[in-house]
Structures are given as structure tokens and as C-alpha cells.
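Dock chain U against chain E, hints included.
Number of protein chains: 2
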Amino acid sequence: LALKGSNYAGLLERHRIHTKNVEHVVDSLRNERIEVRLVKRREYNEETVRWADAVISAGGDGTMLLAASKVFDKFKPVIGVNTDPERSEGHLCLPVRYTHAFPEALQKLYRGEFRWQWRQRIRLYLEGTGINPTPVDLHEQQLSQEQHSRAHINERFQDQRSDISGPHLLPVRALNEVFIGESLSSRYAVCSVLFRENFKSCKPSFKFSLHRASYYEISVDDGPWEKQKSSGLNVCTGTGSKAWSYNINKVAHQAVEEILKIAKKHGSLNMPLNTELVQKVTNDYNESLLYSPEEPKMFFSIREPIVNRVFSSSRQRGFSSKVCVRSRCWDACMVVDGGTSFEFNDGAIASIMIDTEDALCTVLLEE
Amino acid sequence: LALKGSNYAGLLERHRIHTKNVEHVVDSLRNERIEVRLVKRREYNEETVRWADAVISAGGDGTMLLAASKVFDKFKPVIGVNTDPERSEGHLCLPVRYTHAFPEALQKLYRGEFRWQWRQRIRLYLEGTGINPTPVDLHEQQLSQEQHSRAHINERFQDQRSDISGPHLLPVRALNEVFIGESLSSRYAVCSVLFRENFKSCKPSFKFSLHRASYYEISVDDGPWEKQKSSGLNVCTGTGSKAWSYNINKVAHQAVEEILKIAKKHGSLNMPLNTELVQKVTNDYNESLLYSPEEPKMFFSIREPIVNRVFSSSRQRGFSSKVCVRSRCWDACMVVDGGTSFEFNDGAIASIMIDTEDALCTVLLEE
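If you read the sequences in order, they're chains E and U.
Per full-length UniProt numbering, residue 1 is the first one in the first sequence, and the count goes up by one each step.
Per full-length UniProt numbering, residue 1 is the first one in the second sequence, and the count goes up by one each step.
Quick caveat, the hints were computed from the structure, so don't treat them as lab data.
Positions of the beta carbon are idealized from the N, C-alpha and C atoms, including for glycine.
Accuracy of the hints is not assured; some may be wrong.
Within a straight-line C-alpha distance of at most 20 Å, the following computed SDA-like cross-link-like pairs (lysine to any residue) qualify [claimed, not checked]:
#	chain 1	residue 1	chain 2	residue 2
1	U	K322	U	L364
2	U	K250	E	R315
3	E	K227	U	P85
4	E	K227	U	H253
5	E	K280	E	Y291
Among the chain E residues that face chain U by a calculated CB cut under 7 Å, a handful are [stated by the list, open to error]:
#	residue
6	I248
7	Q254
8	Y285
9	N286
10	L289
11	L290
12	S292
13	E304
14	S320
If you want the ones that stay clear, here's a sample from chain U, every Cβ over 12 Å from chain E, calculated [to be verified]:
#	residue
15	A54
16	G223
17	I262
18	R303
Chain E extracted, bound-state conformation (with noise of 0.2 Å):
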């Protein structure tokens, strides 16, 4: 690594860091004489997630992901404590004051100085022809993947003609959004090279741009079909208002400030245009991008639409309780919290929706 010119003295007090807090947390719990397994990425799954009364995350924003990703049970509590402040904004996650003092944490969760708080989670219907509903997880590492994807592609060039197939609920759920958007830009995409020897540090040998428009059509509230092209799709919860779609959607002072010149240009500003002005407008506009995570509303936005003869787009970005897509794509898929892909290729309709009873139920402490 550092030979690569990466920082591995940096990455090291990262981990020590990371270390120590989860240390923390677990002495804090023993302390208290709860029963507690610890395990990592690989050893967390849905037999563990039975077995324990709530399920703590010990990391940063994706790590809760993660956690919530194999929790289906309405009541069972997901906690974040967030082990790497430096690096995680935490959003997800107990205020950063806890992860060196979580017993306070346990004493508010004692005398019942909390809240209940449902975060809604999206859920997602695939049908049509040459669907696939197998996951691909993103995050796993193992060799294994390779041959099981394998056989499990083989066997799907020889079912080809067997599915005309009714809506799969996929066994996952959105906790932050689902995105649709083409995976890999090329369509002559040559190969990976895997070296089995040392699997963490190498790379696939060849780059994919990032930069390939996907087609498809939307439906918004059960409204009519719209063909469009852009960048992708992004249907988002009230958690997930916060994370990337946020970004795609927040506008920046330098566009308002631009806005409203011309605005004024146009004779339409009575006030004169100062940077105080700008500021109030733009936090505003950005601020309305953000709702409740316990509303149980998405929010759909269009990731550079591309406009012309062909596709239009009436609505970039609102509300809704449920969003269709069809795909027209050549390699695209859709992928929930960033970490759980599925393929979405031509003619596969997806259905996307808010169901209450698939909340994640976590906790507010009182401050």
C-alpha cells in the first residue's frame, strides 16, 4: 500500500481507532451483563440477527446500511454507533458524544429517555421477461462468488425461455434508495482479471467509463409512461433525503447567485442582490429537499436528464407513493444503499414502494 503511495500509517491509526471504539461499546454492554456476539461483515446474517433483542452497528454510515440490510423484523431495534467520526459524517448513526461515553447511551435506553423512531423503507417488485432476482452483493469478497455466479449465469442462458414471470418481491429493502442507472458504460466490455493470489490488491485491468445514458420509462403514481434518458434514477426515503439524493438535488449559491441576476436582469428583483440574499434562498431551496425518515413518502429525482427530440421529462425530481420503471437498457441495474445490485435489462419493470411494514425500527435518544 504504501508503496502505492497511499497512506498506511493513516489507514492503520484509522483501524486502531475503530478498534478501541468498538471495544468501548462491547465492555460497556458486558458491564451491564448483556449477552453480546460480535461479528464482522462476513459472519452477519440473518440467523445472528435472530438471535439477538437488538442489533448494534459498530462503524460508520455504511456499516448501518449494512446492519439494517439483513434486519426484516418490524421490531427489532438497529442502533449506529459511529467508531469513525473522522471519516463518517454519522448520519444514521447515536450523536458522535457516545461512542466514548455509551454507557450514557445504555442509561437513557434503562430509564426510557427515548423514542421510538421508524425509518420507512422502500421495497422493490421485478417482473418481465429475462429478469433476474438473485443479489449480487456488492461488498462480498469471496472467491466462491465467482463459480456461484458462474453456474448461476449458465443457468439462465439455459432457462431463457421459461419466464414470463409475475412480480418478485426482492428480499431486500431500501433503508436509504434505490438507484437505476447503466452499470457499465461499455457494451464491449472485455474482461476482469482476477489474481487469485492476492485478492485485496488487485485491480480489474480494465476501467469502465462512467458515463453511459440509460433508457427507460417511468410511471409516477400510477400516472402515464414517460420514455427518458439521463443519468440515472434516484427514489429515495426520508433517511436517504439526506444522503445522495441530496447531492444529486441541492443547488449551489454560485447557480442561485446566477439565477437571480438574471432574474434581475429581467427587472423581476425589487431587493438588491446580495450574498445574504443568495444564502437565505439557497439554504431554503436546499432544506426543502429534506423530509421526516418516519414519513412513508419517496422522493424521485432524474440525475441529468437529457432533453432533446426524443425524450423529454416533465417532472425532474417530487414525491410519490409509487414509482414504475421499464427497462430499455442494454447492462443496468439497480442498486439499493449502495451495496446490493440487481440486474435491470430490457424489458424488466420494476415497482418501487413504501410498505410500513418494512420500517427499521431504531432509536432518539432525549438530549
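Frame of chain E; chain U shown alone:
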């Protein structure tokens, strides 16, 4: 293809149209006793360019980008004919009417009823430890590339200590843009499966999430270095200002309406907020993103900047003569015109600028 639900009949028809249009161009040239070499993508190379007095691309904008990518001579005209007007906007090609009336275009060229247009292009210098100045052609289909690249990677692992390298001028010139971003999202990316039997129908078994923020440092016009985290950095030419850059930066009618509503709420609008005003402001703003292909200046924009405690971004977009970027990414690349890709990992520094010697010679016919 049809079994998978693809529109085979449609693909075949487009191929037929394209072939007919190509024949029309070739016949028109030969009728004037102009010697024509008709080459496909794979056969198109620098030797062919050297042989020619002029290069005509027959396809869409993508084909024009490919044609330009092998031309480094400022005085070798490259002309694009849009043989696929249904699918391609043809921004880089002659007006669509010449597709079926190419002799008219030739007549104008003979009579001098045109002017030369020099489209400025971007050059790239790369330096730093562990860089790899070998480009990967994202459109290249040949199997041998795998072996080529495997050898290439082996070489690099052996040479790891030998690389305090000065700036390499990369053998490419961007006609549209250079994009810098993470190429694959998952650090634990496993593999892609390659079916050697039927190349075009095989698809990698794993889809990688598109969403992975890129870390880098940026210095504009030799200004101070700024740490940034975003979905990537786009640096375009005047030509490219109509392309991806436009889609990244354009503002939606819906967003402008919302911004003006908020400004109105703060007492800042003295005109009724009607669709006409919103449309005017939207159009003016979006038009300000475009500029002449002949202007020797670049436009940089940061895609979905992440602003938090650690990362700031003083300017999200702007014009510049020089952009330097230091990679802090694990698995990033620089992608030129969506077709050629260079590794750009932790420690590598790219210097991006326009040199008028690199301009591409095209024609603007008088109308």
C-alpha cells in the same frame, strides 16, 4: 437478442439505414474521382489518417469522437456525416440534410462556400508515483486485449520502485471533455465472467454500483489546492460544453420556479411569477453554459459535490486555462470523450489544459 426482449428488428433497420447512408457518401466521393478508403472502427488507425487528405466519419457523434481521436494534425480536416439521425443529435456532424444530399456538401467545399472551424481540444499531463500512462480503449473488442493487459499489469507490479516520473504527455486530445471519477464502486469487486464463445452477447456477471464518491485535490489556474469529495470532475471544451457538461450543469424549469418562489417569499420579486418568466430565466441560465468550440478555454464542473466538515468547494464550476488534480482515490480513472480511460490513483497528478496546436480542423458550410 430477440429472446432477451431486445428490439432486433429495430436494430437491423437502423443498420440498414446506416449502411445505405454510408454508401451514399462513398458514391458521392467516388463520382468526383476522389479516392476513398472505407474503414471500420477496428481498422481505423493513425496510418490511415496519414494516408488521407481528409477524414469523414459516418455515424453519429460517437463515431466523430472516434475519428477525431486518431487525428493529431491541426491541418487534417475531419468532417462528420450523421448516418443515424434518429438516434444521434449530430452536434459534431454536418446538418442532417447533407446525409441524403452529400454532393451538395461537396459542391460547397469545391466553391469555398465554407469556413474552417478549429475545435479546441484538451491535453493531459500525468505524473506521480505508480502512474500508468497506457490508455485503455473502452471500445476495443479484441480478446487479445486481455492478454495484453495482463502482461501490462505484471510489468507494473515488477516496476513498482522505479517510478518517480516526470509529467507524461498522454497520447490523447479530448474533443468533448475529460472526466475524473471512481471507475468501480466496490473495493471488493470480484470478477467479470468472460464467455469467449460469443463475445457480444456475454455480460459481466457482476454489476458494480455507480455511486462511489471520488476524493481528490484540485487547483484551478495555479490557485491554492482544495480537498474535494464529489461524484467526479468534468473539464470540457467549447465543443463539450454542449455535451455531458451541459447535462451536469443545466438547471430544470422546476428548480428555477422553486428558487424564484423562495426569493419572492423573501420579498424580492416585484413581477408576477409566471411560467414565461421562469422559462426565460431557465433558458438564459442554461445558455450561459455554452460557448464557442473555438475558444481556447476550458469549463470545469464538479458533479454532486459533497460539502461537510472536511470537504469544501469554493466554486462548483467556472472557466479556466489550467486545472490540476491530485488523486486520492483508490480506483479512479480519467476518461477522455467517454472512450479512453487512464488509471488515476492515489498519488497521481494530472495537469489539464488547452494548447491551440491540438485543435481539430473541421468545416462549417455556408447556409
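Hint-by-hint comparison with the structure:
no.: 1; hint: K322(U) <-> L364(U); result: violated (28 Å)
no.: 2; hint: K250(U) <-> R315(E); result: holds (14 Å)
no.: 3; hint: K227(E) <-> P85(U); result: holds (18 Å)
no.: 4; hint: K227(E) <-> H253(U); result: holds (19 Å)
no.: 5; hint: K280(E) <-> Y291(E); result: holds (19 Å)
no.: 6; hint: I248; result: holds (6 Å)
no.: 7; hint: Q254; result: holds (5 Å)
no.: 8; hint: Y285; result: holds (6 Å)
no.: 9; hint: N286; result: violated (10 Å)
no.: 10; hint: L289; result: violated (10 Å)
no.: 11; hint: L290; result: violated (14 Å)
no.: 12; hint: S292; result: violated (20 Å)
no.: 13; hint: E304; result: holds (4 Å)
no.: 14; hint: S320; result: violated (14 Å)
no.: 15; hint: A54; result: holds (28 Å)
no.: 16; hint: G223; result: holds (16 Å)
no.: 17; hint: I262; result: violated (5 Å)
no.: 18; hint: R303; result: violated (8 Å)
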